[in-house]
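Colleague: Produce the complete structure using the sequences and hints provided.
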Amino acid sequence: MMLVLYLAGSAIAIGLIALLIHRLGHSAEHEFADEAAVRQAFVEEFPDAAIARVDLAANGRAALIVLNEGYGLIRAMGRYSLARQFTSGDIHRLSREAATLRLRLTDYADPVFVIDFGKEDTATRWEELLGSANGTTRETTR
Amino acid sequence: MNDLTDMPELPDIASYAAPIYVGLIVAEILFVHFSRAKGSYETRDASTSIAMGLGNVTSGIIFATTVYAGIFAFFLWIYRFAPVKWEFGILSLLACFVLDDLRYYWVHRFSHTIRWGWADHVIHHSSQHFNLSTALRQPWFSFAKGYFVSVIPLVLLGFHPAMIAFAGSINLFYQFFIHTEAVGKMPKWVEAVMNTPSHHRVHHGRNARYLDSNYAGVFIVWDRLFGTFVEEDDSHPVRYGLVKNIGTYNPLRVATHEYVGMWRDATLPGLSVKQRLAYVFAPPGWSHDGSRKSSADIKLDFISRHPDEAGKPGLPGTISVKPAPMSDLTDLPSEPAAR
Chain A
1 MMLVLYLAGS
11 AIAIGLIALL
21 IHRLGHSAEH
31 EFADEAAVRQ
41 AFVEEFPDAA
51 IARVDLAANG
61 RAALIVLNEG
71 YGLIRAMGRY
81 SLARQFTSGD
91 IHRLSREAAT
101 LRLRLTDYAD
111 PVFVIDFGKE
121 DTATRWEELL
131 GSANGTTRET
141 TR
Chain B
1 MNDLTDMPEL
11 PDIASYAAPI
21 YVGLIVAEIL
31 FVHFSRAKGS
41 YETRDASTSI
51 AMGLGNVTSG
61 IIFATTVYAG
71 IFAFFLWIYR
81 FAPVKWEFGI
91 LSLLACFVLD
101 DLRYYWVHRF
111 SHTIRWGWAD
121 HVIHHSSQHF
131 NLSTALRQPW
141 FSFAKGYFVS
151 VIPLVLLGFH
161 PAMIAFAGSI
171 NLFYQFFIHT
181 EAVGKMPKWV
191 EAVMNTPSHH
201 RVHHGRNARY
211 LDSNYAGVFI
221 VWDRLFGTFV
231 EEDDSHPVRY
241 GLVKNIGTYN
251 PLRVATHEYV
261 GMWRDATLPG
271 LSVKQRLAYV
281 FAPPGWSHDG
291 SRKSSADIKL
301 DFISRHPDEA
311 GKPGLPGTIS
321 VKPAPMSDLT
331 DLPSEPAAR
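Chains as they are written, first to last, in the UniProt record's numbering: chain A, 1 to 142; chain B, 1 to 339.
Hints listed in this document are in silico derivations from the structure and should not be mistaken for laboratory results.
Just so we're clear, the structure is a prediction, and the values are computed from it rather than from any experiment.
One thing to keep in mind: the hints can contain errors.
Claimed, not checked - Now the stretches of chain A that chain B is said to cover, found in silico as 3 or more residues with beta-carbon under 8 Å:
| # | region |
| --- | --- |
| 1 | 10-21 |
| 2 | 24-32 |
| 3 | 74-83 |
| 4 | 101-110 |
Ideal Cβ placement from N, Cα and C applies to all residues, glycine included.
Modeller: Put into structure tokens, the structure is as follows:
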């Protein structure tokens with residue numbers, strides 16, 4: 001009983017702290033201003049990376065990158081960003097719904113990457129690029 | 001007093017600490033937001049950190065009468081063999097506290113340099129923020145790594161297990177307060193002897209120069225003594241988190257991600273037994289094909305790009321023969337390792 005009360009009290013405390021932080025405006029996600037900002041952030045993490053192409057999300061919070069070897073992704077992680085290099089072998093599942101691409105990676109610590117390009121042809125191109133390179137499950141909804 | 005052990009009932013600091021922690025986190029949030037104090041909070045990050053702390057305490061309660069009671073009983077049995085038994089008092093508690101802090105230094109160091117320990121401790125370092133809530137981002141199953149055996153020498157030196165536990169709880173309580181950016185540097189004598197927010201910021205840094213440094217719990221003198229001390233350098237602001245940061249706020253994934261990674265690596269097909277064991281007990285970042293980088297590799301890689309930085313605090317003096325493909329402005333690692 002005490003454990004239940006303790007857990008309930010703690011959950012309320014966490015909720016109130018989260019509400020306080022949110023109301024103070026600290027829930028905003030990082031946004032990349034443009035492709036140059038994506039390149040700079042990605043190269044900070046991977047100085048050796050040779051970037052061939054960047055496709056930025058419509059909301060500026062994520063991007064998919066074609067590297068000379070493999071691919072890269074970068075996205076907002078709260079106020080900061082999170083970057084990964086990956087190959088087609090790291091993709092567990094790939095799906096697309098209109099202009100939104102959803103990647104489920106084999107990386108347990110970063111399992112899902114969702115990007116809305118705002119343009120269906122960009123999402124389709126990435127779907128074909130990543131989907132054709134490996135035998136992942138592909139689901140497409142228009 | 002307990003007739004068997006002559007130990008008074010010592011207060012459980014953890015039971016008093018929770019409201020203090022919550023109150024001070026709220027105070028820091030308001031202080032950082034409304035004043036110009038340095039620091040940053042983010043809703044989901046802080047919620048995850050506090051949830052991890054809640055899980056840590058809950059795990060302690062759940063296993064209190066089983067695992068932890070068993071470990072305590074084991075220590076009591078060991079205590080019978082101590083040639084000298086120190087009575088509880090200010091001096092004995094002080095001696096116990098200092099020696100336990102030395103023990104903590106080595107356990108903490110091994111938690112960074114052996115992947116088995118890192119799989120547990122990485123949880124505490126998995127936030128890109130550094131604030132009081134980060135202090136609560138703690139693992140759930142620490143007993144499983146078996147580092148409690150490090151307490152045995154203290155027991156054999158004649159310190160009662162309850163006194164050691166009490167000293168350890170004061171140590172952890174102290175460490176809560178050094179997880180903040182809101183405090184700059186303390187007076188020189190404090191910075192010289194004690195672990196401070198400045199020293200601990202360095203410990204949480206993922207900059208190449210700051211990796212694997214400042215392991216102290218309370219007294220920074222251990223790092224100075226054993227060569228792992230690195231001073232916070234304002235010209236190189238600390239970047240917090242992991243060399244390869246995690247992309248999840250899910251507490252269960254936060255708690256288990258490195259264990260999962262270790263398991264996947266150690267069970268890769270075609271490895272020798274030695275390689276499998278190395279994936280568990282070698283330093284984080286070790287890989288059988290050299291595709292990842294340990295802290296030492298990352299530091300060498302960094303000075304190969306910035307030869308003028310060689311030999312500066314936290315960086316080796318020897319320049320790697322590896323060519324530097326391109327210049328980078330930050331002192332972040334060149335590519336992610338498994339740490």
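Colleague: Has the region 101-110 of chain A got at least three residues whose CB is nearer than 8 Å to a CB belonging to chain B?
Modeller: n = 4 at 8 Å, threshold three: holds.
Colleague: Given that the region 10-21 of chain A was listed as covered by chain B, double-check it with a C-beta distance under 8 Å for 3 or more residues.
Modeller: Holds, because 8 residues of the region 10-21 of chain A bring their Cβ atoms closer than 8 Å to Cβ atoms of chain B.
Colleague: Check whether three or more residues of the region 24-32 of chain A sit with their beta carbon closer than 8 Å to a beta carbon of chain B.
Modeller: holds (count 3)
Colleague: Quick one: see if chain B covers the region 74-83 of chain A, three-plus residues with Cβ-Cβ under 8 Å.
Modeller: With 6 residues closer than 8 Å to chain B, the region 74-83 of chain A meets the three-residue bar; holds.
Of the numbered hints given earlier, the model fails none.
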